[in-house]
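2 protein chains.
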Amino acid sequence: MINVLKLFVYFLSCTFLPYSKGTKCGEACHRTDPDKINIHLVPHTHDDVGWLKTVDQYYYGSNKGHAPFGVQYILDSVVSELQKNTIRRFVYVESAYFWRWWEELDENDKEMVKNLINEGRLEFLHGGWCMSDEATPHYTAMIDQMTLGLKFLNSTFGECGRPSVSWQIDPFGHSSEVAIEFAEMGFDALFLGRIDHEDHKARKNDKNMEVVWRPDPTLGEAGDLFVSVLYNLYTAPAGFCFDTYCSDEPIMDNKKFHGYNIDEKIKKFEDQMEQYGAAYKAKNILVTMGSDFTYSVAASWFKNIDKLIKYTNSRSKTLNLLYSTPSCYVKAVNSLNLTWSTKEDDDFFPYGSDEHSYWTGYFTSRPTLKYMVYKANNILQATKQLATVIGNKFEDEEFEFKRALAIAQHHDGVSGTEKQHVADDYAVYLEEGINAGKKIFIETYKTLYGVDYPDDQHFGNLRNISQFNITEDNQNFVITLYNPLSRIISTPIKFPVQQSFHYKIYHCNGTTVEYDLIPISANVLKLPGRHSNATHDIIFIAKDLPPLGITNYYIQVTTENLSNAALTAVSNNNSIITLSNGNITLEFNKTDGLLQSVTKNGKTWPFYQNFYIYNAAKGYNYNADTRASGAYIFRPIEIDPKPVSLTANITQYHGINVFEVHQTFSEWLSQIVRIYKDSVDIEFEWLIDSIPITDWTGIELVTRYTTDVNSNSTFYTDSNGRRWMKRIRNKRKYWNLTITEPVASNYYPLTTSICLRDNTKQVTVITDRPEGGTSMHDGELELMLHRRLLYDDDKGVVEPLDETAFGKGLSVRGTHIVQINELTTSDVEHRLKAVESAYHPVPVFAKTLFHLNEWITNYNRTFSLLLKELPPNIHILTLERWQKNQLLLRLEHIFQANENRDYAHPVDINIKEIFKFFGIYKIQELTLAANLEKEKLKRLKWNFERQNNTSISSKLINGTITLLPMQIKTFLLFIEEKDAQN
Amino acid sequence: MINVLKLFVYFLSCTFLPYSKGTKCGEACHRTDPDKINIHLVPHTHDDVGWLKTVDQYYYGSNKGHAPFGVQYILDSVVSELQKNTIRRFVYVESAYFWRWWEELDENDKEMVKNLINEGRLEFLHGGWCMSDEATPHYTAMIDQMTLGLKFLNSTFGECGRPSVSWQIDPFGHSSEVAIEFAEMGFDALFLGRIDHEDHKARKNDKNMEVVWRPDPTLGEAGDLFVSVLYNLYTAPAGFCFDTYCSDEPIMDNKKFHGYNIDEKIKKFEDQMEQYGAAYKAKNILVTMGSDFTYSVAASWFKNIDKLIKYTNSRSKTLNLLYSTPSCYVKAVNSLNLTWSTKEDDDFFPYGSDEHSYWTGYFTSRPTLKYMVYKANNILQATKQLATVIGNKFEDEEFEFKRALAIAQHHDGVSGTEKQHVADDYAVYLEEGINAGKKIFIETYKTLYGVDYPDDQHFGNLRNISQFNITEDNQNFVITLYNPLSRIISTPIKFPVQQSFHYKIYHCNGTTVEYDLIPISANVLKLPGRHSNATHDIIFIAKDLPPLGITNYYIQVTTENLSNAALTAVSNNNSIITLSNGNITLEFNKTDGLLQSVTKNGKTWPFYQNFYIYNAAKGYNYNADTRASGAYIFRPIEIDPKPVSLTANITQYHGINVFEVHQTFSEWLSQIVRIYKDSVDIEFEWLIDSIPITDWTGIELVTRYTTDVNSNSTFYTDSNGRRWMKRIRNKRKYWNLTITEPVASNYYPLTTSICLRDNTKQVTVITDRPEGGTSMHDGELELMLHRRLLYDDDKGVVEPLDETAFGKGLSVRGTHIVQINELTTSDVEHRLKAVESAYHPVPVFAKTLFHLNEWITNYNRTFSLLLKELPPNIHILTLERWQKNQLLLRLEHIFQANENRDYAHPVDINIKEIFKFFGIYKIQELTLAANLEKEKLKRLKWNFERQNNTSISSKLINGTITLLPMQIKTFLLFIEEKDAQN
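Sequence order for the protein chains is A and B. FYI, in my numbering the residues of the first sequence are 1 to 982. FYI, in my numbering the residues of the second sequence are 1 to 982.
Worth double-checking, as some hints may not be accurate.
Pairs involving identical chains hold if they fit within one copy or between any two copies, as the list cannot separate such chains.
Stated by the list, open to error - Okay, derived cross-link-like pairs now, DSS-like style, lysine-lysine, Cα gap no bigger than 27 Å in a straight line:
id, residue 1, residue 2
1, Lys84, Lys64
2, Lys733, Lys677
3, Lys64, Lys795
4, Lys84, Lys114
5, Lys24, Lys84
6, Lys255, Lys114
7, Lys36, Lys955
8, Lys731, Lys317
9, Lys936, Lys733
10, Lys268, Lys64
11, Lys600, Lys884
12, Lys84, Lys110
No lab work stands behind these hints, which were simulated from the structure alone.
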């Protein structure tokens with residue numbers, strides 16, 4: 001009798017009375033049945049923030065030739081259907097779309113949507129502006145895009161709008177950094193869709209589809225994250241995709257009409273749930289009811305799910321179906337108090353979807369877009385800092401710029417896996433964002449220097465190909481330089497000029513500055529699409545830039561016959577060409593023109609560098625064997641790539657501050673190897689013009705740095721610009737790797753860095769954009785630079801990754817900074833350079849009618865937002881205006897635990913003693929994404945193997961906080977603004 | 001100042017304040033602006049009741065391989081979007097879908113939908129169960145399907161659910177009969193989408209897109225109908241199809257997002273409206289915003305139309321856009337008091353969509369489906385009559401049967417233009433309907449004869465190919481015969497038997513009945529799929545069947561050695577074979593086996609008949625020139641068809657009541673030419689087995705009856721089984737026909753009849769199903785019987801019309817009744833035979849264990865629902881149960897004005913004196929579709945050329961009504977039911 005009654009109660013509760021209007025969001029979960037397998041049906045739509053269409057085309061539903069969906073209509077439809085039956089649930093992820101939609105709702109609809117959210121019927125997951133990629137975005141951009149999305153949700157919907165679960169169900173591999181960030185953002189769990197096919201199989205067998213991931217044990221429990229891998233990617237079970245664009249049959253239950261199919265449908269569902277159930281520990285299964293851009297016709301999902309629940313629950317003895325959300329699922333699973341396996345020191349890279357489909361090509365795909373994203377992020381960080389000076393006058397522009405960066409972090413954005421026209425749109429957005437940022441630069445400078453400060457400022461975005469009309473065509477121009485780093489720094493500034501003039505460069509204090517004048521390489525001069533009269537680049541060193549600080553330079557064309565600063569080619573008759581700044585010496589073999597050794601501190605190491613080509617697999621993807629290399633997939637047809645050339649023509653230039661060897665490998669491939677006077681870093685600035693296509697084979701171009709480091713199959717790549725991840729060739733931590741793609745399966749993403757180590761030294765490469773990299777042989781680092789492919793890899797984009805411009809293959813120029821260091825100093829050199837690379841000083845250029853003297857009279861001032869520079873291991877990750885009289889501050893310890901004796905230790909910082917412009921009267925510590933006070937955070941607790949629930953995070957005391965290695969702390973500063981002219 | 005104010009008022013009224021909640025449906029029209037062109041935007045969806053998918057697949061959204069739509073979701077989505085903004089409007093047409101959807105709504109949603117309807121925001125147009133074809137349905141079935149739909153709307157939604165406008169925007173040509181019916185149903189206007197391309201062009205030039213159509217002036221104003229031809233079929237203007245399945249761009253108006261396109265969109269809309277405007281007289285334009293199965297994502301329409309209205313009205317000086325409905329449009333146009341052209345004595349057949357695309361193939365396409373629909377309608381009319389006897393016990397079954405017939409009337413149903421699987425589904429529905437009807441037959445017979453009356457009754461649907469296990473395999477069986485005609489009639493009954501037995505047939509009064517036993521033709525015996533041991537057919541004449549009456553026969557196998565009733569072939573050595581019943585004599589040429597003359601009343605007329613083949617155009621429809629013959633299009637490649645054979649093998653059989661010549665033209669083509677003893681009609685029962693395909697050319701088979709009628713290019717086809725329409729070869733009434741398809745453009749639909757006339761005589765062919773026909777030469781009638789085509793004609797169905805069964809081309813058997821009469825008698829013969837063909841007596845067959853004597857003892861009774869038979873010119877078109885104690889009665893005058901001296905005159909009928917079983921205490925005259933009291937009807941008045949607003953319809957006085965020729969009158973009878981056993 002009891003059982004019958006119980007069943008009756010459940011029947012009622014789940015099918016008819018699950019929910020009463022007015023329930024608060026946190027209490028809206030439908031009850032589970034402890035005696036049955038609880039099937040949590042989660043209606044969701046996966047709305048790529050750009051992919052086959054641009055974000056706005058997806059939002060509006062335009063450009064249907066590429067995809068028919070319109071997110072505005074999806075949301076319209078979903079909320080209409082949620083209104084119709086209170087048992088229904090829906091989850092939404094991408095704030096980029098929700099914001100767009102919210103922008104256009106009228107007040108009634110807003111009220112209605114708020115009710116749905118407050119009642120827990122519409123729930124946000126994740127909440128970032130987009131579901132970012134995990135391999136290619138820089139951590140700063142990821143944190144920013146999460147913050148942007150969550151801030152929108154928080155400020156619009158309050159606590160019920162705060163997601164408690166993250167949802168990275170489409171990205172192509174998963175990083176430790178992302179997991180840690182999500183933990184620090186306060187998420188209770190992270191759901192993943194794509195993990196390696198062998199990993200997936202092993203985890204299903206081991207019932208380890210759900211584990212506690214602890215990427216950095218030094219963080220204590222704050223860095224632990226419950227991770228759930230979905231059974232079936234993020235799609236509905238076979239036969240149950242009820243979308244208007246799916247072909248599965250609906251549930252047809254009216255016997256008056258033809259097509260009645262209840263029996264068949266229920267059977268098919270039960271069969272699949274048996275398989276799902278075998279892979280998970282808890283008697284709860286999360287079943288995703290949705291897919292890409294589903295719910296255009298929300299009724300087609302909800303009506304059928306209503307029926308599925310009704311008929312299955314009334315018939316099945318083992319299953320209890322319920323509308324659910326991931327947070328409800330997580331609560332249900334958590335309440336069972338099971339003990340979970342632990343995943344430590346490991347991430348989910350690379351991702352192989354089958355034995356010949358390693359998604360390691362996208363680590364490099366679209367290198368120019370990746371670079372633009374990286375540089376725009378650099379400018380954005382500077383912009384946000386500067387914007388704190390000028391009040392909220394340009395908050396729209398700041399928001400515009402943030403949005404541009406945020407959408408670009410999408411997993412088909414910076415990843416390079418979108419269609420060409422979509423990549424173009426990201427670029428347009430980024431350019432618009434940069435231009436919006438420029439307004440803030442100008443306004444700040446006018447605020448600080450006075451209203452007459454030049455307002456026709458330019459970043460000179462094409463300076464990397466030595467094209468810039470401001471510096472080429474003007475007799476007088478000024479450079480205003482902003483240093484977004486929290487320490488004092490010197491940096492080279494480079495700009496193109498015409499050889500026909502002589503130049504003088506003045507610091508704003510009136511002192512002249514030495515510079516070098518270097519001929520522009522022939523391969524640059526002939527770049528298609530370059531429109532410039534410049535023949536030379538000027539390079540000078542801007543010294544001692546103040547932290548978060550501003551300085552300026554005045555440049556004038558002079559008629560004085562200066563001793564020509566231009567470097568001339570040095571010819572010698574030795575078999576060796578030597579490039580040296582006194583601290584480091586590079587030797588090039590004159591016969592083949594290639595680097596052969598590096599000498600530093602009296603030690604000489606063999607060091608060889610050259611460029612190689614992998615020929616890409618062709619094919620039409622009929623099966624795994626015929627997979628082509630494409631935007632996602634890297635699939636070379638040989639293990640050993642072929643050198644582009646065994647020799648390079650070389651020229652060398654010795655200047656005052658800069659020493660260069662120019663190498664030309666072919667008509668389309670050249671490189672400058674460069675060292676600066678006061679540095680031991682080596683720059684390799686490569687230029688890849690149109691990759692030639694012969695016999696219709698795609699080409700993937702790599703550079704290899706070959707050393708004598710005894711690396712023992714091991715190398716390290718950074719996780720989104722932060723922690724080092726240890727990689728071992730041909731090995732995975734969780735399962736025995738089957739070697740089916742010997743090269744591609746050894747590729748890993750590097751956002752900024754890759755290195756090799758042995759007992760004495762480290763060779764590190766710091767990139768200017770994310771790239772794929774590996775070490776196929778001990779002592780060797782290999783980085784993929786560019787890809788030109790002629791076949792699609794059948795992952796949906798339906799375009800070969802054949803970027804072109806001006807009728808030719810797209811040109812790419814980039815720089816690797818290579819460091820060769822004793823182990824003891826390598827981490828310092830690397831960390832400081834990596835953060836400098838991301839927060840590089842940003843110059844703006846403007847022509848001026850001021851004479852030199854007027855300029856110096858008026859503008860001989862430098863500024864710093866800081867009272868003093870911070871210690872080198874502490875970085876101001878974020879400084880931005882939050883709202884009126886509130887700033888958001890993130891401080892970051894940039895060293896990893898134990899990596900350096902001098903810097904990798906806890907640091908105390910008194911926040912109140914940092915800023916010059918703002919009086920801080922209150923400080924509140926927030927979670928990482930700034931959407932909750934840290935002390936209000938209550939994450940679910942999990943039992944897991946090797947558990948060590950220490951809370952090692954310090955609390956703020958009188959404005960002072962302790963930062964542990966790799967720790968990021970987020971603060972809301974309540975300020976009284978001081979006079980900006982201070 | 002006044003103008004500015006006026007503009008301001010309109011701006012407010014149209015864009016912001018058009019409507020206040022609580023408005024009654026009839027007052028819900030948005031205001032028009034007299035100073036502008038008013039653009040009535042009409043959101044609609046055209047939901048075929050079967051076409052590429054079955055009606056249920058369309059309803060549910062299943063079988064998406066053929067089409068992705070689901071009407072349930074369309075309606076869900078539309079009502080959700082209507083809720084969101086009160087200015088929005090939507091119109092819905094097909095009750096078959098609305099009923100399905102209504103079946104599944106919960107009470108809340110029903111209430112919400114009722115409110116939308118009551119407030120005029122959701123409006124029904126047309127309201128029939130489907131939007132019927134106009135060429136092929138019988139008028140009885142059209143009236144029934146309209147009645148079914150409108151009854152559902154009326155009983156569910158009351159007065160606001162009554163459509164005031166009809167909407168035949170997709171059917172492929174338009175008949176006079178339909179127009180008259182709509183006028184008599186009380187519609188204020190009829191909208192058409194497809195009229196001949198030359199007609200359309202001419203009407204645009206003449207501003208005659210809107211006219212008053214007066215198909216039958218003898219009806220007076222009751223038969224006038226305002227007709228509006230849409231500009232652009234029924235689709236949205238180019239670039240403004242906002243459906244999720246359209247590729248037009250949405251309106252993008254947020255400058256924060258990429259894609260802003262307001263200027264371009266408004267310009268494009270205005271340009272098109274200029275063209276539209278030039279074609280219409282009133283400063284009002286109806287713009288259809290929708291198409292086939294649009295509004296799956298209703299938001300994508302409404303949001304964009306909202307924007308279109310908002311931005312156009314705020315910018316345009318000439319246009320005033322408003323949400324509207326056809327009824328609002330009609331009111332606006334009517335209020336202008338313009339004078340319209342008149343269209344008289346003419347219809348809109350045939351329809352040529354371009355110079356090589358005459359939609360005249362579908363008049364014949366799928367002849368077996370057409371036959372099944374025709375026969376099922378016959379049974380349904382009988383069923384409805386019988387059901388009045390048994391109360392409401394089987395109202396579900398009756399409804400099921402009505403629904404089956406109703407969906408089959410769809411313009412891709414009986415028209416034959418649906419996909420094969422859909423045709424199959426109509427057939428299944430019809431069979432289910434027939435079976436449901438059978439239950440009513442059985443119940444009625446049990447009610448009348450007693451509970452022991454056999455309940456295993458069968459119609460013997462395969463008797464037309466001489467297959468029927470009841471009559472083949474049983475020693476004793478009974479036939480119960482129902483006569484649905486309102487006059488006494490005799491009719492032949494035919495059923496297959498085994499030659500090995502001898503049979504005796506008894507009337508229930510115990511008298512024996514003479515019969516003939518005729519060998520089954522060889523071409524029938526070898527039909528694929530025929531499973532029968534029968535070798536012969538028995539034919540007997542069931543005499544003097546009572547009106548709306550029942551009688552029965554007992555058949556037993558006997559061992560008596562009867563004089564064999566079987567006919568034997570008559571051989572003679574003359575060159576002529578003569579078939580004669582004394583009244584009429586047919587002569588066949590023995591050499592070629594073909595009919596050569598008919599002799600009647602002492603006069604001999606040459607009369608030749610043979611079968612011919614048109615070879616069908618092939619092609620892939622790249623343009624008009626490469627149009628293929630297909631399900632819709634008839635496009636022969638020659639003007640003169642080729643005879644299947646110049647000779648026929650013949651056998652003749654002379655019996656007691658029946659005289660036959662069996663002709664075999666080929667392996668696959670045969671015919672029986674038959675006369676009955678007491679008749680002067682000639683039956684041509686043709687059998688087309690699998691049409692052979694050689695060299696992959698489609699074949700269209702016609703029969704030609706060649707006479708000496710001096711027809712002067714003129715012939716007549718019936719309009720849906722009623723009025724004769726005069727057709728003149730190579731001529732159109734409204735415009736100069738360009739002869740581009742000399743055969744196809746001369747084809748016209750005949751539902752039951754086609755004839756030729758000269759000054760003295762008429763040759764009439766009465767068919768057993770709709771067919772296409774023409775007269776390509778004077779004196780000749782040509783009817784298309786069957787089509788086997790190998791190419792699709794690109795009108796959407798994407799299947800060649802190649803019907804197959806058992807691995808071969810589909811077999812078809814059918815009958816033409818040919819009458820040759822003096823002009824004075826031809827109409828009587830034709831009218832009576834035509835109505836008899838549609839309301840043919842329906843036999844059911846059952847085996848019985850009763851012995852003959854028991855049978856006669858128990859069941860020697862006949863019944864009639866009538867007190868007496870009605871005059872032959874008056875027909876009980878409808879007798880059916882309406883609701884408790886209410887019957888629906890339609891009386892029809894079956895003669896056309898002036899066609900016959902004796903019958904084509906007004907007839908008085910006292911309704912109270914018709915029925916035996918029901919006491920009538922109240923009679924209410926209704927509009928034709930029975931959804932409004934006649935006296936409450938207030939149609940809009942129009943001014944038009946040659947106007948003559950006489951109301952010639954009589955009123956009911958003391959139960960007596962006067963019926964004018966061709967008039968149908970509809971009554972609700974309030975009854976006290978008498979004892980059925982009376």
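The hints, checked one at a time:
no.	hint	verdict
1	Lys84 x Lys64	between (29 Å within a copy, 25 Å between copies)
2	Lys733 x Lys677	neither (43 Å within a copy, 97 Å between copies)
3	Lys64 x Lys795	both (19 Å within a copy, 23 Å between copies)
4	Lys84 x Lys114	both (16 Å within a copy, 16 Å between copies)
5	Lys24 x Lys84	both (19 Å within a copy, 25 Å between copies)
6	Lys255 x Lys114	between (39 Å within a copy, 26 Å between copies)
7	Lys36 x Lys955	neither (44 Å within a copy, 71 Å between copies)
8	Lys731 x Lys317	neither (44 Å within a copy, 73 Å between copies)
9	Lys936 x Lys733	neither (36 Å within a copy, 85 Å between copies)
10	Lys268 x Lys64	between (34 Å within a copy, 19 Å between copies)
11	Lys600 x Lys884	neither (52 Å within a copy, 107 Å between copies)
12	Lys84 x Lys110	both (17 Å within a copy, 12 Å between copies)
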